[in-house]
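Protein chains: 2
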Amino acid sequence: MNKGIPLIVSGPSGCGKDTLLRVLFEKYPQVKFSISAVTRPKRGSDTEDGKYRFVTREQFEQMLRDDELLEHNEYVGNYYGTPRQPVSDAVNNGSDIVLEIDVNGAAQIREKLPEAVSVFIMPPSMDSLRGRLTGRGTEASEVVEQRLAQAISEIGRAGEYDYIVINDDLQTAADEIYSILTAEKAKYKNNKNFINEVLNNA
Amino acid sequence: MNKGIPLIVSGPSGCGKDTLLRVLFEKYPQVKFSISAVTRPKRGSDTEDGKYRFVTREQFEQMLRDDELLEHNEYVGNYYGTPRQPVSDAVNNGSDIVLEIDVNGAAQIREKLPEAVSVFIMPPSMDSLRGRLTGRGTEASEVVEQRLAQAISEIGRAGEYDYIVINDDLQTAADEIYSILTAEKAKYKNNKNFINEVLNNA
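Protein sequences appear in the order of chains A and B.
The first sequence begins at 1 in this note's numbering and counts up one residue at a time.
The second sequence begins at 1 in this note's numbering and counts up one residue at a time.
Hints are computed from structural coordinates only; laboratory data are not their basis.
Since we're looking at a predicted model, the values are computed, not measured.
Don't take each hint at face value.
BS3-like mimics (lysine-lysine), calculated; alpha carbons at most 25 Å apart, straight line [as the list claims (entries may be wrong)]:
no., chain 1, residue 1, chain 2, residue 2
1, A, K27, B, K187
2, A, K112, B, K187
3, B, K3, A, K185
4, B, K187, A, K185
5, A, K189, A, K3
6, B, K51, B, K27
7, B, K185, A, K187
8, B, K187, A, K189
9, A, K192, B, K187
10, A, K3, B, K27
11, A, K3, B, K187
12, B, K42, B, K3
13, A, K185, B, K51
14, B, K3, A, K187
15, B, K27, A, K27
Computed Cβ-Cβ distance ranges for the label pairs, DEER-style [said to hold, decoys possible]:
no., chain 1, residue 1, chain 2, residue 2, range
16, B, S95, A, D168, 16 to 22 Å
17, B, E26, A, S153, 29 to 35 Å
18, A, D18, B, A202, 47 to 53 Å
19, A, Q171, B, N200, 56 to 62 Å
20, A, E111, B, N73, 42 to 48 Å
21, A, E26, B, R22, 29 to 35 Å
22, A, S141, B, R22, 55 to 61 Å
23, A, E142, B, G159, 52 to 58 Å
24, A, S153, B, Y28, 34 to 40 Å
25, B, N73, A, N190, 30 to 36 Å
26, A, G44, B, E26, 48 to 54 Å
27, A, K112, B, N73, 20 to 26 Å
Ideal Cβ placement from N, Cα and C applies to all residues, glycine included.
Working from the sequences, and respecting the hints, build out all of it.
This is the structure in structure tokens:
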């Protein structure tokens, strides 16, 4: 069986990444999503089958010792991490799996999983990014400025990624991500075994 | 404007490449086809707007001297070649263009056009290849054996290609080729300018 593709997806706050990924999973339900392990307390809107797996600090530290995480970080006193096992299970079962992660996490994953493919989601313009960051309208302007500066610094690292998807039209952008998965599976290195099998039957 | 992708497509006799490309151009009429220059006499079934541009031997040799060909070869006394200009025009106008060519021609094109992307079309199995080569039923068995040997030797060079598309289901295979074009345009290197423009507006 052909392996699936582990796909890192990053993008600055305000690029519309969450909505884009929702459209991708609706349109291509065969694509899996990597669930993060977190130690932060569960909020009202969180469910166990959602984006997070809630673990204790002790459990998380045990996972770290056992090298069970592809990346992790600590943010305002809580751990966040990407468990390795569900990703390798998906890939070995031939399923593509999306790892939604920031630029620093992406760099850690590339170290541990060099076969990962990475996509950086871009806003269609700086104006649209600014619009989306201020559009929420609930934040003080210095918070917006801080997010914008953060977004610009992340875009400055887009060169670490294999692919760039511009999130202008959601359907087009979702199709582009799926095309990237299709093309990656068509790469020669992922079809070497098939070719050798055909030649062995000659 | 983003550039188009020059796409080399090769595949052994019996892999169903011609039918596959017909489906591709029907489904994605925006993809262009590179017309070969040939010195062989026109046959009844040939038309000027078809796969060939008919030129004299003198014209062909002038094109060679002017380095106007991306590749060429001589076969039973006739020249065959790929004119460079229509390919660069298409690419510069943002159009993808397919160059249907054998493994030797593909190697020549990669030298002159390193940005070309290449796809090798594979039959789904050795049995299907054998079936297609004998299925025509009009050739003597030694001709079939010779074609089979030729096909096997070409498949042995599949590793020179970026991508492998298995021609099992025609629609799926055509969609895969189109996905490869989409993914190639999404590569970071083809979006560097866009990212710099966005950052310059920050």
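So, going through the hints one by one against the coordinates:
1. A:K27 <-> B:K187: holds, 23 Å
2. A:K112 <-> B:K187: holds, 22 Å
3. B:K3 <-> A:K185: Roughly 24 Å separates the two Cα atoms, so the pair holds.
4. B:K187 <-> A:K185: holds, 15 Å
5. A:K189 <-> A:K3: Status holds; Cα separation ~11 Å.
6. B:K51 <-> B:K27: holds, 18 Å
7. B:K185 <-> A:K187: Measuring from Cα to Cα gives roughly 15 Å; hence the hint holds.
8. B:K187 <-> A:K189: holds, 18 Å
9. A:K192 <-> B:K187: Judged against 25 Å, a Cα distance of about 23 Å means the pair holds.
10. A:K3 <-> B:K27: Roughly 28 Å separates the two Cα atoms, so the pair is violated.
11. A:K3 <-> B:K187: holds, 22 Å
12. B:K42 <-> B:K3: Violated: K42 of chain B and K3 of chain B sit about 34 Å apart, past 25 Å.
13. A:K185 <-> B:K51: violated, 31 Å
14. B:K3 <-> A:K187: Between K3 of chain B and K187 of chain A the Cα gap is close to 22 Å, so the pair holds against 25 Å.
15. B:K27 <-> A:K27: Holds - the C-alpha atoms of K27 of chain A and K27 of chain B are around 21 Å apart, at most 25 Å.
16. B:S95 <-> A:D168: 16 to 22 Å: holds, 20 Å
17. B:E26 <-> A:S153: 29 to 35 Å: Given about 46 Å between the Cβ atoms, the range is violated.
18. A:D18 <-> B:A202: 47 to 53 Å: Violated, since D18 of chain A and A202 of chain B (Cβ atoms, about 22 Å apart) do not stay within the stated range.
19. A:Q171 <-> B:N200: 56 to 62 Å: violated, 29 Å
20. A:E111 <-> B:N73: 42 to 48 Å: holds, 46 Å
21. A:E26 <-> B:R22: 29 to 35 Å: holds, 33 Å
22. A:S141 <-> B:R22: 55 to 61 Å: holds, 58 Å
23. A:E142 <-> B:G159: 52 to 58 Å: 56 Å Cβ-Cβ, so the 52 to 58 Å window holds.
24. A:S153 <-> B:Y28: 34 to 40 Å: For Y28 of chain B against S153 of chain A, whose Cβ atoms are near 38 Å apart, the range 34 to 40 Å holds.
25. B:N73 <-> A:N190: 30 to 36 Å: holds, 31 Å
26. A:G44 <-> B:E26: 48 to 54 Å: holds, 53 Å
27. A:K112 <-> B:N73: 20 to 26 Å: violated, 47 Å
The structure is inconsistent with the numbered hints 10, 12, 13, 17, 18, 19 and 27, although it conforms to all the rest.
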